[in-house]
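Each chain, written out:
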Amino acid sequence: MMTPTRISRTTLAFMASASMGAMLMSGGAVANDDVKERIGTHVNHPITGGDYQQTRYSEMDQINRDNVHRLVPAWTFSTGVLRGHEGEPLVVDGIMYVHTPFPNNVYAIDLDTREIVWAYEPSQDSNVIGVMCCDTVYRGLAYGSGKIFLQQADTTLVALDAKSGEEQWSVKNGDPAIGETNTNAPLVAGDKVVTGISGGEFGVRGFAIAYNIEDGSLAWKAYSTGPDDEMLVDPDTTTAMGEPIGANTGLDSWEGDEWTRGGGTTWGWFSYDPDLNLLYYGTGNPGTWNPEQRPGDNKWSMTIMARDLDTGEAKWFYQKTPWDQWDYDGVNENILADIEIDGEMRHVMVNFDRNGFAYTLDRETGELLVAEKYDDTVNWATHVDMETGRPQVVDEYAPGVQGADVNVQGICPAALGYKDQQPASFSKQTGLFYVPTNHICMDYEPYEVSYVAGQPYVGATLSMFPTPDSFGGMGKFIAWDAAKGEVVWEQEEAFAVWAGALTTAGGLAFHGTLEGHFKARDVDTGEELWSFRTPSGIIGNAFTYEHDDKQYVGVLSGIGGWAGIGMAAGLEGDSEGLGAVGAFRGLYDHTRLGGTLTVFALPDFE
Amino acid sequence: MKCDSNEQRPVLGRSTRLLILALFAGLLLVGCGDGADEQVDADAIDETEDVANNEMEAVSDEPEAEAVDDDAAVEEEANGSDLYTVVCETDDQGRRTSCAVDQETFIGWRTLGSSCAVCHGQEAAGSSFAPNLIRRVTEISEERFYEVLAKGIQTEGSAMPGFEDNPNVWPRREGIYAYLKARANGDLPAGRPERLQD
Numbered sequence: 102m103m104t105p106t107r108i109s110r111t112t113l114a115f116m117a118s119a120s121m122g123a124m125l126m127s128g129g130a131v132a133n134d135d136v137k138e139r140i141g142t143h144v145n146h147p148i149t150g151g152d153y154q155q156t157r158y159s160e161m162d163q164i165n166r167d168n169v170h171r172l173v174p175a176w177t178f179s180t181g182v183l184r185g186h187e188g189e190p191l192v193v194d195g196i197m198y199v200h201t202p203f204p205n206n207v208y209a210i211d212l213d214t215r216e217i218v219w220a221y222e223p224s225q226d227s228n229v230i231g232v233m234c235c236d237t238v239y240r241g242l243a244y245g246s247g248k249i250f251l252q253q254a255d256t257t258l259v260a261l262d263a264k265s266g267e268e269q270w271s272v273k274n275g276d277p278a279i280g281e282t283n284t285n286a287p288l289v290a291g292d293k294v295v296t297g298i299s300g301g302e303f304g305v306r307g308f309a310i311a312y313n314i315e316d317g318s319l320a321w322k323a324y325s326t327g328p329d330d331e332m333l334v335d336p337d338t339t340t341a342m343g344e345p346i347g348a349n350t351g352l353d354s355w356e357g358d359e360w361t362r363g364g365g366t367t368w369g370w371f372s373y374d375p376d377l378n379l380l381y382y383g384t385g386n387p388g389t390w391n392p393e394q395r396p397g398d399n400k401w402s403m404t405i406m407a408r409d410l411d412t413g414e415a416k417w418f419y420q421k422t423p424w425d426q427w428d429y430d431g432v433n434e435n436i437l438a439d440i441e442i443d444g445e446m447r448h449v450m451v452n453f454d455r456n457g458f459a460y461t462l463d464r465e466t467g468e469l470l471v472a473e474k475y476d477d478t479v480n481w482a483t484h485v486d487m488e489t490g491r492p493q494v495v496d497e498y499a500p501g502v503q504g505a506d507v508n509v510q511g512i513c514p515a516a517l518g519y520k521d522q523q524p525a526s527f528s529k530q531t532g533l534f535y536v537p538t539n540h541i542c543m544d545y546e547p548y549e550v551s552y553v554a555g556q557p558y559v560g561a562t563l564s565m566f567p568t569p570d571s572f573g574g575m576g577k578f579i580a581w582d583a584a585k586g587e588v589v590w591e592q593e594e595a596f597a598v599w600a601g602a603l604t605t606a607g608g609l610a611f612h613g614t615l616e617g618h619f620k621a622r623d624v625d626t627g628e629e630l631w632s633f634r635t636p637s638g639i640i641g642n643a644f645t646y647e648h649d650d651k652q653y654v655g656v657l658s659g660i661g662g663w664a665g666i667g668m669a670a671g672l673e674g675d676s677e678g679l680g681a682v683g684a685f686r687g688l689y690d691h692t693r694l695g696g697t698l699t700v701f702a703l704p705d706f707e
Numbered sequence: 042m043k044c045d046s047n048e049q050r051p052v053l054g055r056s057t058r059l060l061i062l063a064l065f066a067g068l069l070l071v072g073c074g075d076g077a078d079e080q081v082d083a084d085a086i087d088e089t090e091d092v093a094n095n096e097m098e099a100v101s102d103e104p105e106a107e108a109v110d111d112d113a114a115v116e117e118e119a120n121g122s123d124l125y126t127v128v129c130e131t132d133d134q135g136r137r138t139s140c141a142v143d144q145e146t147f148i149g150w151r152t153l154g155s156s157c158a159v160c161h162g163q164e165a166a167g168s169s170f171a172p173n174l175i176r177r178v179t180e181i182s183e184e185r186f187y188e189v190l191a192k193g194i195q196t197e198g199s200a201m202p203g204f205e206d207n208p209n210v211w212p213r214r215e216g217i218y219a220y221l222k223a224r225a226n227g228d229l230p231a232g233r234p235e236r237l238q239d
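Protein sequences, first through last, are from chains A and B.
Residue numbers for the first sequence, in this note's numbering: 102 to 707.
Residue numbers for the second sequence, in this note's numbering: 42 to 239.
Calculated lysine to any residue pairs in the SDA-like style (CA-CA distance at most 25 Å, straight line):
| # | chain 1 | residue 1 | chain 2 | residue 2 |
| --- | --- | --- | --- | --- |
| 1 | B | K192 | B | R213 |
| 2 | A | K585 | A | R491 |
| 3 | B | K192 | A | D226 |
| 4 | B | K192 | A | V553 |
| 5 | B | K192 | A | S224 |
| 6 | B | K192 | A | A554 |
| 7 | B | K192 | A | D276 |
| 8 | A | K273 | B | E197 |
| 9 | A | K273 | B | Q195 |
| 10 | B | K192 | A | S227 |
| 11 | A | K273 | B | S199 |
| 12 | A | K322 | A | D358 |
| 13 | B | K192 | A | N228 |
| 14 | A | K529 | A | E587 |
| 15 | B | K192 | A | Y552 |
| 16 | B | K192 | A | I279 |
| 17 | A | K264 | A | F178 |
| 18 | A | K273 | B | T196 |
| 19 | B | K192 | A | S551 |
| 20 | A | K585 | A | G627 |
| 21 | B | K192 | A | Q225 |
| 22 | B | K192 | A | A278 |
Here are a few chain B residues that sit away from chain A, every Cβ distance over 10 Å (derived from the structure):
| # | residue |
| --- | --- |
| 23 | N120 |
| 24 | D133 |
| 25 | T179 |
| 26 | E180 |
| 27 | E183 |
| 28 | V189 |
| 29 | R214 |
None of these hints come from the bench; they were simulated from the model.
Ideal placement from N, C-alpha and C gives every residue a C-beta, glycine not left out.
Based on the sequences and whatever the hints tell you, model everything.
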């Protein structure tokens, strides 16, 4: 099928700054200007995260600290799907594109009439659900070159005409029969659409993959583990901690062929620096949760990767958690920001890892600038050695050190991490990061497990509970100074804050809660200025757009995801329970399943 | 442990023996399963079995238990239709503070944690995605349980995978069932049980 007009084919000038690898594409990089020109406009929200840098910040200030108490729902939309609703819709040229969890429907809604312009409801083999860890979530769509890109759970990537919903092309980037699925939002940058793969609990070998947006042809595929050529690594020029990484580190840091089922899946968020032409993302846990079965650093699982957008070649890596023993998947978003550190303006990326450390790195070189705990109850490591970049592990809380069949108790954070997929926001107004966090610890007992293709490859049993000797809640919303590595303020929440943040020039930080409250806070103090009870628990991300000169803020509600599984359990007999389980509180007192989009605005009357 | 009969076992009709035993608190198992603790477990069991021969039917008769030894912790043993063995220590309020189960039931608990909890929630207590299995085993037959576990169920928007080809689950199915029944019958509280030495 041919694509209709709207294809912008301007060649970009940023080619020069991409030092890695020559442009392999014939005709050079063809930029997709129509995303670029819409980013930063108030009327559009053309990319998950709001911009390539994934700041989730908007210059809009119609809704601000002085009037936010008057915010009311303007319109709502039921998605018709019960499962956990992560991510946020896109807004492009007066149309909102709403995605749903499996079966991954897409609804295009006209913002004038609020009617459905087109709907795309794919039929997928329901067998795929059985190989999706932790609910059938889906984190969002991508837009570019007049197309909407849908990454289905069954690993099909579909390009739909943004105006008509007609299918333009589709490709498959994985095989659910071996546990490969997708939950991530793809990213459109330049003339590429980049996507990842899920299945870290199924022994999948992770990779990032880029297709040409015009026809879906493969541009490059880069594995997270294995031989250099399959990882698109150059042992002499790809660096880690400023040094060339050397040959075949993705093989030699594993025992035997464990790297072939070595995880490093890529189900998180992608960000992109147009000046450096670098793509950033993180890789997940190294296969089985029993560390004894995979001695070594398990490179390059748990790693922040910087790759050339056009060739996929790796510029630098930083491994946050070598030899993972806790399931601290390293896939959380990398937010690109320019901040002053020691009096100097630095081009950095900031990552709030599952492992409880927040990292500030130079995004061009991968130099580690700051690595500090964003919750001081982190106990599995004392600190990160700034020379080697390695966390200093505390043996008492290291299941791999204690060995299989030992129940290691009181590890903080839990496998869910002190932050999971819920993305943070960088306010250009305050220069601070606003982070939705978890406050949950665990007992962890690894044991021997056999690999069977398409079956869970876990090999550990976990109990999770609110962080002991703390305030009793399971989440916080915090403001973070990434230059100093310090918490500026924090607000306590009863449940994990599993919902993505939005900050605005109106001095506001928005986020949802698992109980279903959508909140606006003052960016300076964290004080709650407004809240609204949505129909279900919120694990979706706040977003904003303007229509007919009016600012709107919206969010998807719909409890589920790992949060819904990890914490929804309403254990009976709370007073009785062996160990920490008794401390758990059910979410069922607060909320039920069901996906709804709620969009808020200031009322027209005074 | 035997699960060879496929007969349905209604909750109320179960032939569970509950015994109150007196043991020194110091002997009781609270450790993390290292060698020393397991030795203690074994000692505790020997003593349990000795007393079990007396067939004391004293389910919640604490005064009688205390009569045995004032300083003693109270221990209960539950033996659900030969599916499982549970030995619990209780505090002075009668609440169970520590329980040990037979090896197969322990492995069942552990397998639930790694193979089922991603959907059925911690301790299989139910999640936003899949049902509470502790409740479910009282509602479905043992036959149905193994059938579902083998073949799975496909429904719109959610699915239960089949596990008959899974070497991490299928050989341990009887322990999974035993653990769920022990919980359903109220013989075992939520949380991590300790291991009895068989």
